[in-house]
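Fit chain V to the supplied structure of chain S, relying on the hints for placement.
Okay, here's what each chain looks like letter by letter:
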Amino acid sequence: MNLNQELLDRILEGDLSEEERDQAAAWLESDDAVHQLAERAELHADLRRSLRRRNLQESALTDAADAVSPTSSETPTEPSIAKPEPSGDVQPIGRSQSRWSKKASAVLAVALAAAACLAIILFNVAPPSNGSQPSIASIAHQANARWADHARSQGDSVGTGVMRLDVGIVRLDFANGAAVTLQGPAVFEILQDNQTRLHRGILTAHIPESAIGFEVETPGMDVVDLGTAFGVSVGADGGTDVCVFEGEIEVSIPGSDKSRAPQRIIEGNAARTRPDGNGIEPAAYQTERFEDAWPVTSGVLQTTGLMKFVSPGPDFVPGRYENSEYILVFPERDDVVLETAAPVDLIEPGEYQRV
Amino acid sequence: MGDESSASKTRQEFTQAWLKAEPSVSAYVFAAISGFHDAEDVVQQIAQEAAGRFDQYDSNRPFVGWVLWLAKSRVIDFYRKGKRDRLIFSDELLDRLGQAFAQRAGQRCDRREALEHCLEDLPERSRRLIDLRYVEDLSAARVAAAVDSTAGSVRVLLGRVRNALAECIQRRVALEESP
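Which chain is which? The protein sequence lines are S and V, in order.
The first sequence begins at 3 in the numbering used here and counts up one residue at a time.
The second sequence begins at 1418 in the numbering used here and counts up one residue at a time.
Isolated chain S, as found in the complex:
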């Protein structure tokens, strides 16, 4: 039986009249109908994913094409055999660029879809070897950074290994989506794409869904992220403090003594270990020590004057938070697409980027 596709769409969009509900419920008694509903739902969900990704790529490619100088912009549309240029035929540059970007991004989208399917198969066949040194993260931002081991600059990619930061603030963006900001003096080590070790110093991390399971080991505890933002601080004696700004984490004693189950810590809470203490103990939720690194993790790279970025925890009520010394800035929401453009005044020449 070929079902009314329109009814399927209305079920999926939650747009049914009373009468249609009965009709839909009766129809969905058959397994065939349930499969048709599943198939249509897949199409909706895949369209959402695919089109969003395409739009992102197209705007990125258009931006890139716009940045190219006029002479080099006459990129051939296809890397095929060169045809003699018909003389006198003037091509509107703008159009050819946008067509070029569209085409390139379409190819990219197809390649990505294929890669997503392939990756799973490859992962299963070949376990990642430690022989090669692929880039795991890149340096997204540095402020007053001085490295103790060797110089690194913004945009550099980073693989496994130890990094020693004397002073300054550095944000590392991991390929899996995790953002980690280090505050010097710090000694930080990347073990693999989602496993790191903070030997000393302060870091704050924001872990999106794509990087759930991201781990920060310290001399005093192992922190496994369950989809969150948190701060970790390791003192010279190895004593460790963690503070959960959003979501939750799981902490355990390193060496995984099986008698001690990992503990969950949810947002607005903190825990610590001390070298002479008995394991993980609760601590007061104090975010002060993370206030320099946390804004950078959140995307605020720099503030001027009396501006201060705060992360006062989940019970925070904006109207009740007072400070007579600073202008306070806090993240209200993230991952929000604005419905109207937000006007911005640029008061100094320079390079600006929409992030």
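Everything labelled a hint here was simulated from the structure, so no lab data went into it.
Only a predicted model underlies this, so the values are computations on that prediction, with no experimental measurement involved.
Keep in mind that the hints are not guaranteed to be accurate.
To give a feel for the contact side, a few chain S residues facing chain V, derived at Cβ under 7 Å [what the hints assert, rightly or not]: (1) Leu14; (2) Arg23; (3) Leu49; (4) Arg50; (5) Gly170.
Even for Gly, the Cβ is constructed at its ideal location relative to N, Cα and C.
For chain V alone, kept in the frame of chain S given last:
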């Protein structure tokens, strides 16, 4: 050392399994919840829960079935909070729908790849329409306002674009399978 490497192995296993199952979970949640923003929030909760409870997963059974079972409870929670009318989605229908997605999971990849190709051949105007609907997440009425049309005709047009894509996917998948 043994424990360390086994913990990292578990994480890797979870990531792989989740990446593979996620498109089915997303479609399931969207079917039952309809709004993309709400559905995406719920999928994220499911990811967190699945990561936290991965040690309870019996690896002799399909992962996608297990996550869809977790997903059902999160969807019911969502209804309970009164965020959306349940409409026709009884517990029983949610179960059967979950089973349907679990059975279909094997061909999910091919179908997604086919969709990417099919989108290439879409006329500009149709593409604009589905962009408004799926990227901007606008209702039919708001899409209509944007393209200076009526909600009714936008619904019909969107339906046609989806039908055309569904047919194209079917054709491509059949072609891949035949030789």
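Tested hints:
1. Leu14: holds (6 Å)
2. Arg23: For arginine 23(S), the interface hint holds, since the closest Cβ of chain V sits about 6 Å away, which is under 7 Å.
3. Leu49: It holds, given that the least Cβ distance between leucine 49(S) and chain V is near 5 Å, below 7 Å.
4. Arg50: holds (5 Å)
5. Gly170: violated (30 Å)
Comparing the model with each numbered hint stated earlier shows that hint 5 is the single one that does not hold.
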